[in-house]
Amino acid sequence: ITWCVVSNDEMTKCNQMSAAFQSIGVSVLVQCVSGKSMDGCVRMVKDNTADAFTVDGGHLLDNRADLKPVLAEDYGNGDATYWAVAVVKKSDKSVNLTSAGLGGKKSCHTGYGKTAGWKVPMGVLKSLNILTTTATSCDIPQAVSNLFSQSCVPGSPNSPNLCTQCPNSCDCSSSNANYCGYTGAFRCLVDGGDVAFIKHTTVFSNTNGKDYELLCQDGTRAAVTAYAQCNMGKVPSHAVVVSQKATSATIDRFGPHTSLSFKLFGGSPRDLLFKSSTKLLLPLNTSCSTETYLGASYLKSQLALKCLSTTQSPTLGTLSTLRWCVLSANEMAKCSVVATQARRVSSELVFSCVMGSDINDCARRISLGTADAVTMDGGHIYSTGVQYDLQPVATEYYGSGSAASYYAVAVVKASDSSTLLTKAGLQGKKSCHTGYQRTAGWNVPVGYLVDNTVSNFFSGSCAPGAKGAFPGAVGTKLCQICGGVGANHCDGNNDPYSGYSGAISCLNAGGDVAFVKHTTVLNNATYKLICPNGGTAPTTDYMSCNIATVPSHAVMLSPKHTFVYREKVWNLLNKLQVEFNSFFIFNAQNFQLFSSTPYSNGKDLMFKDSTRCLWKVDSSCVWQDYLGAGYLGTARGLQCMTGPPPITPQPCTHTPTCNN
Numbered sequence: 001i002t003w004c005v006v007s008n009d010e011m012t013k014c015n016q017m018s019a020a021f022q023s024i025g026v027s028v029l030v031q032c033v034s035g036k037s038m039d040g041c042v043r044m045v046k047d048n049t050a051d052a053f054t055v056d057g058g059h060l061l062d063n064r065a066d067l068k069p070v071l072a073e074d075y076g077n078g079d080a081t082y083w084a085v086a087v088v089k090k091s092d093k094s095v096n097l098t099s100a101g102l103g104g105k106k107s108c109h110t111g112y113g114k115t116a117g118w119k120v121p122m123g124v125l126k127s128l129n130i131l132t133t134t135a136t137s138c139d140i141p142q143a144v145s146n147l148f149s150q151s152c153v154p155g156s157p158n159s160p161n162l163c164t165q166c167p168n169s170c171d172c173s174s175s176n177a178n179y180c181g182y183t184g185a186f187r188c189l190v191d192g193g194d195v196a197f198i199k200h201t202t203v204f205s206n207t208n209g210k211d212y213e214l215l216c217q218d219g220t221r222a223a224v225t226a227y228a229q230c231n232m233g234k235v236p237s238h239a240v241v242v243s244q245k246a247t248s249a250t251i252d253r254f255g256p257h258t259s260l261s262f263k264l265f266g267g268s269p270r271d272l273l274f275k276s277s278t279k280l281l282l283p284l285n286t287s288c289s290t291e292t293y294l295g296a297s298y299l300k301s302q303l304a305l306k307c308l309s310t311t312q313s314p315t316l317g318t319l320s321t322l323r324w325c326v327l328s329a330n331e332m333a334k335c336s337v338v339a340t341q342a343r344r345v346s347s348e349l350v351f352s353c354v355m356g357s358d359i360n361d362c363a364r365r366i367s368l369g370t371a372d373a374v375t376m377d378g379g380h381i382y383s384t385g386v387q388y389d390l391q392p393v394a395t396e397y398y399g400s401g402s403a404a405s406y407y408a409v410a411v412v413k414a415s416d417s418s419t420l421l422t423k424a425g426l427q428g429k430k431s432c433h434t435g436y437q438r439t440a441g442w443n444v445p446v447g448y449l450v451d452n453t454v455s456n457f458f459s460g461s462c463a464p465g466a467k468g469a470f471p472g473a474v475g476t477k478l479c480q481i482c483g484g485v486g487a488n489h490c491d492g493n494n495d496p497y498s499g500y501s502g503a504i505s506c507l508n509a510g511g512d513v514a515f516v517k518h519t520t521v522l523n524n525a526t527y528k529l530i531c532p533n534g535g536t537a538p539t540t541d542y543m544s545c546n547i548a549t550v551p552s553h554a555v556m557l558s559p560k561h562t563f564v565y566r567e568k569v570w571n572l573l574n575k576l577q578v579e580f581n582s583f584f585i586f587n588a589q590n591f592q593l594f595s596s597t598p599y600s601n602g603k604d605l606m607f608k609d610s611t612r613c614l615w616k617v618d619s620s621c622v623w624q625d626y627l628g629a630g631y632l633g634t635a636r637g638l639q640c641m642t643g644p645p646p647i648t649p650q651p652c653t654h655t656p657t658c659n660n
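Once you know that position 28 of the sequence shown is 28 in this note's numbering, the rest is easy, because the numbers rise by one and skip nothing.
Since the hints were made in silico from the structure, they are not lab data. Certain hints may be false.
[Said to hold, decoys possible] Quick list of in silico lysine-lysine cross-link-like pairs, DSS-like style, CA-CA up to 25 Å:
# : residue 1 : residue 2
1 : Lys93     : Lys105
2 : Lys430    : Lys603
3 : Lys36     : Lys46
4 : Lys46     : Lys429
5 : Lys603    : Lys413
6 : Lys429    : Lys477
7 : Lys413    : Lys429
8 : Lys210    : Lys245
Quick caveat, the model's predicted, so the values are computed rather than measured.
Turn these sequences into a full structure, and let the hints guide you.
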């Protein structure tokens, strides 16, 4: 690996790292080259004269077309991010995150161009129209000067008011610069400032926090411990990056190395090659895009800082349409029928259908405003929530319980006595999954198997959609027993073994175990369940023999839609299910909202066929609340890094429309 460095001190440490790797027998040879600056290293990686270097989120955003993150620094939270927050004195109730609440106040910043102290919070203020610029000039420093009466922005350009709050010097190289960095900005607040823009750990590093509060983007305030819910944005940690054109062989060379005789993350001077506060390096999924790694809130704030809009279509604010994103010709056929019936039952929304290439494309379309709704399972709710912040409006209910949830189960043939949910019982077996990143078919069972050290024991698998995420031998093995031909082989939507019924077809065609939800084989004596305790059970005993209880599939919308629009969407869906659901009434049109067989014998089109009815999801329920703490922990690997996200989900309220 050719590592690019930006200074003489980094060159020294890079050479030490290379020698240390060799001393412990790491097979990868590290060579160090000087790019002289971040921009120089970007050019060298782009030109293939260097393989890798470490960047912050800002440089990664600016060069996202050329750079790909492969390792992320973790600072001890189990999640390679931190939170940018706005801190105020608890006693001063006049300050809040509005134009009136910040206008004329004194602001404290870690430094000009710094992420938590400038880029993210000023981007958020711009996106909230608290910072205003002219139509012809995107002059953020001038806008900050106009908003606050005084500021301390160390290292700032020559703009009015940006250094008037600094007591000695606005230059961080000066020995009198007491207000630089995180601690300096907090000291500025203590000494007379009104608001400090810092990261979430700064308050606890300097005080017990009882005299301070956070400003939330909705104009409210919260305790300093509530940074996960009340913040200016989630900031990606520094990342090791390679060229977007790097081969899988190059990417596979990267990984954490902890048994080193020198301080990989420490030493003096600080922050050489890696941040000194780094605890370990987290390897990222090969399918992790730069946009996914940076996250939706960070992208939004940084585009706003450049006076660019994240809303690419004016149709997002239009409250007269409901454009449903579908993934196949069969689903389009059903959606067209639903659209016809929707016109019969409601005039508030015009229902139409748009085709997406896959579920991630649908999420992207919803985020951009070229589609409005799609149904997702928990895995995709998690992964697209991280990237696009989509929110649930309705949840599928499958009966036999008091909650909108289902059970992820492991199914084998009733005649099979050798396949069990143990190390010995799975070794050498063939596994069938509904799809890569699907909840019951991948996230829950694979999370369970990894935790129980049995993930390497399958001799072959079918996990539709895995080929693109895992190039090379790993992807080949995960697609080995799929049934598709040509381009359809292991395709997430078109392989005949995709989905719940597809996983059972895979089992019938020679697989040994299928990971599905409990209703897939309910009351079918041809199969049985294998249990975490090593035993087996009839398919009816799913409540005592399952891998996990998981949230039901949900209808997802853009977070930018209003409460009124959400209500219109729910009212339309509820009218459709009341009129066209056999649970409520048999209709003369012979159309069933939760049936797919009339459409070329399709399965689970728009909604799961096993859905009894839709329940309303309360508007206060965000996607993290909907998934719940247990599932968020299981799905931690869906975001690029391991470890649970540092949030505390709140109870989520659903309104039942049927119960049995």
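Results of checking the hints against the structure:
no.: 1; hint: Lys93 with Lys105; verdict: holds, 12 Å
no.: 2; hint: Lys430 with Lys603; verdict: holds, 24 Å
no.: 3; hint: Lys36 with Lys46; verdict: holds, 15 Å
no.: 4; hint: Lys46 with Lys429; verdict: violated, 43 Å
no.: 5; hint: Lys603 with Lys413; verdict: holds, 22 Å
no.: 6; hint: Lys429 with Lys477; verdict: holds, 12 Å
no.: 7; hint: Lys413 with Lys429; verdict: holds, 13 Å
no.: 8; hint: Lys210 with Lys245; verdict: violated, 50 Å
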